[in-house]
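Protein chains: 2
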Amino acid sequence: MSLLVVGSVAIDNVETPSDRRDELLGGSATHFSYAASFFTPVRLVGVVGEDFPHEHIDFLSERGVDTAGLHRVADGKTFRWTGRYLPNMNDRETLDVQLNVFGEFDPVLPTSYRDSKYVFLANGVPAVQAKVLEQSEQRQLVVADTMDLWITQHRDDLDRLMQKLDGLVLNDSEAKLLTGEQNLVAAGEAVLEMGPRFAIVKKGEHGAIYFGREEGGGIEIQILPAYPTRHVIDPTGAGDSFAGGFMGCLAEAGRVDGATIKSAMAYGTVVASFNVEGFGLERMSTIGRDTIDERLREYKQMMAF
Amino acid sequence: MSLLVVGSVAIDNVETPSDRRDELLGGSATHFSYAASFFTPVRLVGVVGEDFPHEHIDFLSERGVDTAGLHRVADGKTFRWTGRYLPNMNDRETLDVQLNVFGEFDPVLPTSYRDSKYVFLANGVPAVQAKVLEQSEQRQLVVADTMDLWITQHRDDLDRLMQKLDGLVLNDSEAKLLTGEQNLVAAGEAVLEMGPRFAIVKKGEHGAIYFGREEGGGIEIQILPAYPTRHVIDPTGAGDSFAGGFMGCLAEAGRVDGATIKSAMAYGTVVASFNVEGFGLERMSTIGRDTIDERLREYKQMMAF
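Protein chains in written order, with the working numbering: chain A, 58 to 362; chain B, 58 to 362.
Identical copies carry no separate label here, and so any pair may be met within one copy or between two of them.
Straight line, CA to CA, 25 Å or less: simulated BS3-like cross-link-like pairs of lysine-lysine:
#1 K319 / K357
#2 K221 / K319
#3 K319 / K260
#4 K260 / K357
#5 K319 / K174
Rather than coming from a laboratory, the hints here were simulated on the basis of the structure.
Using the sequences plus the hints, can you model the full thing?
This is how it looks when you write it as structure tokens:
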């Protein structure tokens, strides 16, 4: 099933306690696309500036990411993010953000993308996320990511968007902020009352929880720990690569039944574990589907009892 | 297999954002014993004061906890702890601690306990924990819990104790403190170089990770998320009830092979999920082995993919 992603494409500078990399290919849509590409071809919609290196586009194309929807603004500059991870490698400080062309991102889907069936709206302004839906009339599954800024500053738009979503992906603190619930299970369940029929709460190094409305009115929960990664080099993009693995897996299967969702959650977890093992997409560029499948088997074994 | 636990027996006052209970039966050995009692008879060694209600002893005895080793000090007062949970129900402040008779706890095993095979040293001064080992010469499996205070203030005693342990149970921040490793997987593995052949790192609401030395020199890892509990009433004793379920399960099986350990980890997780659903042991007193088994099946299903 065709998979479309809309979101940021960025150039990142990342500092960790022991190392630093500048001019990394980054952005939510980038990490998502790359992760999903191990499962299915991906259509990317984003915007970059004149300064965006052609080699980054080649790097994505080589993995089957369609970049026809990556708009380049002449005289514009690419979205840039600079961040520093604290010694625990989970908390980070944003040192600098330059939205540049992403600040006026007005996504336009190429004609060749308009029949997309599975759509992922990576973290962005809810009103902009909504514009994508108007242009993808053949959509069958829409999942969005969001963040604290939109929850507090663009709540009405987010509420409207949620009515049109099949699934919402967000992290634990965002789920609590969105719902006002302190208990994570209560928060996940409360998201389902806001529109989406499923919600995925990401807990970073602690894994993720899936909440799904069942036909009979019940709520199905899947809980997955993160893969225990010994060498966390750069957590940037872990959540997006999780979502990419998840959606890529669903698109590959072409269905969204319970068993497929559970398998997709596990694949998303495993793909994200590779993403953090290198700066930017460095580690991801060294793996293949076989590497992912091998770790998935190991991961499954680690939970068996 | 006979299961012995040595540790604190306390009277707790617990305050949460929405409620408060005074004069609760608490303590590490108490929560451990009660949890383990669903799997096997338990021998408890502890100390209380003259003020300790007889009904608490009856409460434990009724669940098959042998209290012959619960020493009552005439003219002494029981260990008392008062704490307050923050709205997230994970972080807490200790408002008052009165060690009382527990401050001079010098465990003496009744003759009837001396043939104990499985021994759990609940959180306590390492030198005191070590005294128990001298008195249980038929021990086959020794597991201990520890905490930051002993890691920083009684490190030599703890190092000596670790040489005699089969397993060490500690929480994530303690594992990092003990080993100096910031990465939890690296920390868990580093514990295995300090003596114990297995280590269990508890992550509170995020579950637990098991690290075990394999015969070939490799390290086996089991990762388990916590059971998603919607109504967390009082987390006090969750870690001890986890350990109780774990050790109880091993003692019931009478063996410590890989499959039994994995199953015991899952049982520990599930038992702990009941512990937090009520103040003190309120919720635990309403369940049976069938309730535990039913939730274990549900829990397993929640992780399946």
